[in-house]
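Visitor: Chain by chain, the residues run as shown.
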Amino acid sequence: MECELVSQKRDMLFLFFLNITGGRSELAIKAKNLEKSFDGKKVLNDISFSVKKGEVFGYLGPNGAGKTTTVRILTGLIKPDRGEVFVCGRNVSKEPVKVREKIGILPEVSNVYPDLTAWQNLMLASQLYGLEKKVAEKRGEKLLKEFGIYGVKNSKVKTFSKGMKQKLMFCMALISEPEVIFLDEPTSGLDVASARMLREKILEMKDLGTTVFLTSHNMSEVDVLCDKVAIIKGGKIIAKDTPDGIKELVGGSVAVEVKFENGFGNGVELSKLRGKKAGDRYVIYTTDPNETICQIVEFAKKKRVRIISINTRSPSLEDAFLKILGEIV
Amino acid sequence: MKALAIAKKDVLVYYLKGPVVIFGILLPIFLFLAFWIGRHLQLNFLIAGLIAMTVFFSSTSVSPVIAPWEGQMRTLERLLTYPIDVKTVVLGDVIASSIFGILLTTIPIAIAFALGLSINPLIAIGVIISAICFSSLGLLFSAYPSNIPATVMMISALVRFPMIFISGIFIPLNKLPEFGKVLAYLSPLTYFTDISRFCLGLRTFFPVYLDFTILITYTLLFFILSVKLHERALLRRL
Chain V
1 MECELVSQKR DMLFLFFLNI TGGRSELAIK AKNLEKSFDG KKVLNDISFS
51 VKKGEVFGYL GPNGAGKTTT VRILTGLIKP DRGEVFVCGR NVSKEPVKVR
101 EKIGILPEVS NVYPDLTAWQ NLMLASQLYG LEKKVAEKRG EKLLKEFGIY
151 GVKNSKVKTF SKGMKQKLMF CMALISEPEV IFLDEPTSGL DVASARMLRE
201 KILEMKDLGT TVFLTSHNMS EVDVLCDKVA IIKGGKIIAK DTPDGIKELV
251 GGSVAVEVKF ENGFGNGVEL SKLRGKKAGD RYVIYTTDPN ETICQIVEFA
301 KKKRVRIISI NTRSPSLEDA FLKILGEIV
Chain F
330 MKALAIAKKD VLVYYLKGPV VIFGILLPIF LFLAFWIGRH LQLNFLIAGL
380 IAMTVFFSST SVSPVIAPWE GQMRTLERLL TYPIDVKTVV LGDVIASSIF
430 GILLTTIPIA IAFALGLSIN PLIAIGVIIS AICFSSLGLL FSAYPSNIPA
480 TVMMISALVR FPMIFISGIF IPLNKLPEFG KVLAYLSPLT YFTDISRFCL
530 GLRTFFPVYL DFTILITYTL LFFILSVKLH ERALLRRL
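Residue numbers (the working numbering), protein chains in the order written: chain V, 1 to 329; chain F, 330 to 567.
Since the hints were made in silico from the structure, they are not lab data. Every value quoted in this text rests on a predicted model; they were computed, and no experiment measured them. All C-beta atoms in this analysis are idealised placements derived from N, C-alpha and C, irrespective of residue type, glycine included. Be aware that one or more of the hints could be misleading.
Said to hold, decoys possible - Here's a subset of chain V near chain F, in silico, CB distances under 7 Å, partners left out: (1) Val-109; (2) Tyr-113; (3) Gln-127.
Stated by the list, open to error - Cut-off 27 Å, straight-line C-alpha distance, at most; resulting in silico cross-link-like pairs (DSS-like, lysine-lysine): (4) V:Lys-206 with V:Lys-240; (5) F:Lys-557 with V:Lys-102; (6) V:Lys-138 with F:Lys-337; (7) F:Lys-331 with V:Lys-102; (8) V:Lys-94 with F:Lys-331; (9) V:Lys-156 with F:Lys-331; (10) F:Lys-337 with V:Lys-142; (11) F:Lys-337 with V:Lys-158.
Throw the hints in and build the complete structure from the sequences for me.
Guide: Spelled out as structure tokens, the structure:
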């Protein structure tokens with residue numbers, strides 16, 4: 001109860017601060033008590049978080065957790081049933097168009113016009129952002145060159161691969177030089193090289209002071225890119241911290257990875273140690289690595305199989321993510 | 330300015346397609362021939378009807394399917410995330426559709442000139458207003474939030490085809506039965522057909538100023554309704 005009161009006071013202070021500073025704040029995004037239902041089903045339930053200017057904020061969750069709905073609310077595409085969102089110091093529900101002038105968006109479920117060329121798509125984006133023609137052409141040329149698709153600028157997008165389309169959509173989101181960029185699954189379905197290139201671009205944007213709101217299923221990507229992470233499940237935020245802080249939430253659990261000669265059967269016996277097959281190895285999560293390793297060695301002796309490799313590692317963000325979601329014990 | 334960018338996109342993506350243009354020209358001509366052959370009607374009466382049919386069919390041909398197409402192709406969400414509101418999107422669609430309607434209507438007007446008929450220049454204003462009116466009407470058809478173009482086309486066909494029979498194009502209003510007249514008064518096409526007749530030197534059923542007043546009223550009504558309904562429907566397409 002006391003905590004709630006403190007939280008309410010803090011929010012009121014934030015709003016007061018926004019008012020007296022005309023919206024100038026160190027926060028790029030502030031979401032407060034967001035709720036949203038579709039057909040009577042609650043999709044978002046009391047979602048609150050804030051993102052500082054220049055921060056890369058990871059928003060994680062399983063499919064259907066409410067990530068895309070949150071992004072749509074933050075970008076003014078839909079209105080919350082309850083709660084408020086401030087982006088770049090403006091109330092998104094009240095001034096969606098003004099907010100969208102300051103942000104760039106790469107939606108997850110979207111496409112570019114396949115019958116237009118890359119250049120026509122990009123110039124359309126610039127016109128809808130209200131950019132002057134000369135400025136738009138200069139920025140457009142620079143962006144297409146940076147993303148390596150300048151050579152195909154006059155080709156119709158229907159001839160593009162998924163990676164090329166994604167790069168073009170990235171360019172379209174960046175053409176207005178936004179203060180905040182929303183990236184909904186930006187590297188989903190991309191080949192390794194394209195995904196790496198986009199990740200480098202996100203880091204470059206961060207260096208330039210752009211705030212990035214990122215949703216992704218790729219945990220190693222989030223680990224590398226994000227300053228802060230929030231995990232959403234069933235429409236509620238269940239964890240919010242730095243990537244390292246999230247990993248610590250796993251509470252001293254260590255992953256022991258073991259590889260047996262010839263893959264060694266189906267590992268039924270190893271299930272006693274709560275092992276899971278991961279490629280050609282078994283991964284066992286334990287709070288007592290010494291005991292677990294002894295058990296593995298004993299098991300190998302008893303079964304007369306050779307251990308090819310055995311090692312321990314701290315839990316990755318993926319481990320922590322799964323543990324927090326309750327999908328591993 | 331942003332609405333013009335959307336209109337340009339619509340023209341490039343949806344209107345500048347061979348089948349769309351050919352269908353837009355051929356449909357009114359075929360309908361016209363179907364009613365002309367075997368009937369002894371005045372040439373200017375027929376041309377007035379052809380002009381009315383062309384502006385009506387061409388302005389309502391593509392505008393109803395833009396929103397479902399965009400929803401189906403998944404370009405809609407991308408479009409709505411730009412700093413624009415639904416009014417701008419609807420206005421852009423109306424501009425593109427009106428340009429298409431106006432350009433195609435120059436064909437029957439050119440035919441009229443080629444046949445030696447004289448036309449009152451007021452026809453230009455009539456065509457522009459009616460193209461905007463019918464384009465807005467076309468957008469109303471797509472207010473039903475379906476992403477299947479065929480569904481919207483069916484709704485559109487259910488309204489468009491009966492309209493040409495009750496709007497005095499083939500049967501003058503004074504020859505319609507009373508219930509037919511009531512339906513004709515409800516159709517915006519009736520008032521443009523009347524203007525078209527006036528411009529080709531024929532007797533009109535209503536005073537021309539009244540035709541223009543009602544047509545402009547319908548235009549505003551359809552546009553405002555389109556904006557309001559699309560504000561609800563567009564987000565349900567995502």
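Visitor: Take the hints in turn and mark each one as holding or not.
Guide: Now for the hints, and whether the structure bears them out:
Because the beta carbon of Val-109 (chain V) sits about 6 Å from the nearest beta carbon in chain F, less than 7 Å, this interface hint is met. The beta carbon of Tyr-113 (chain V) is positioned within 7 Å of a beta carbon in chain F (closest approach about 5 Å), and the interface hint is therefore held. Because the beta carbon of Gln-127 (chain V) sits about 4 Å from the nearest beta carbon in chain F, less than 7 Å, this interface hint is met. About 20 Å separates the Cα atoms of Lys-206 (chain V) and Lys-240 (chain V), which keeps this hinted pair within 27 Å; it holds.
Restraint check for Lys-557 (chain F) and Lys-102 (chain V): the C-alpha separation of about 26 Å stays at or below 27 Å, so the hint holds. Simply put, Lys-138 (chain V) and Lys-337 (chain F) have alpha-carbon atoms about 21 Å apart, close enough for the 27 Å limit, and the pair holds. Between the alpha carbons of Lys-331 (chain F) and Lys-102 (chain V) the distance comes to roughly 16 Å, so the proposed pair stays at or under 27 Å and holds. The hinted pair formed by Lys-94 (chain V) and Lys-331 (chain F) meets the criterion: a straight-line CA distance of about 21 Å does not exceed 27 Å.
For the suggested pair Lys-156 (chain V) and Lys-331 (chain F), the alpha carbons sit about 22 Å apart, so the restraint of at most 27 Å is met. Of the pairs offered as hints, the one joining Lys-337 (chain F) and Lys-142 (chain V) holds, with about 24 Å between alpha carbons and a cut-off of 27 Å not exceeded. A hinted pair counts as satisfied when its Cα atoms are at most 27 Å apart, and Lys-337 (chain F) with Lys-158 (chain V) qualifies at roughly 19 Å.
Going down the numbered hints, you'll see the structure goes against none, and every one checks out.
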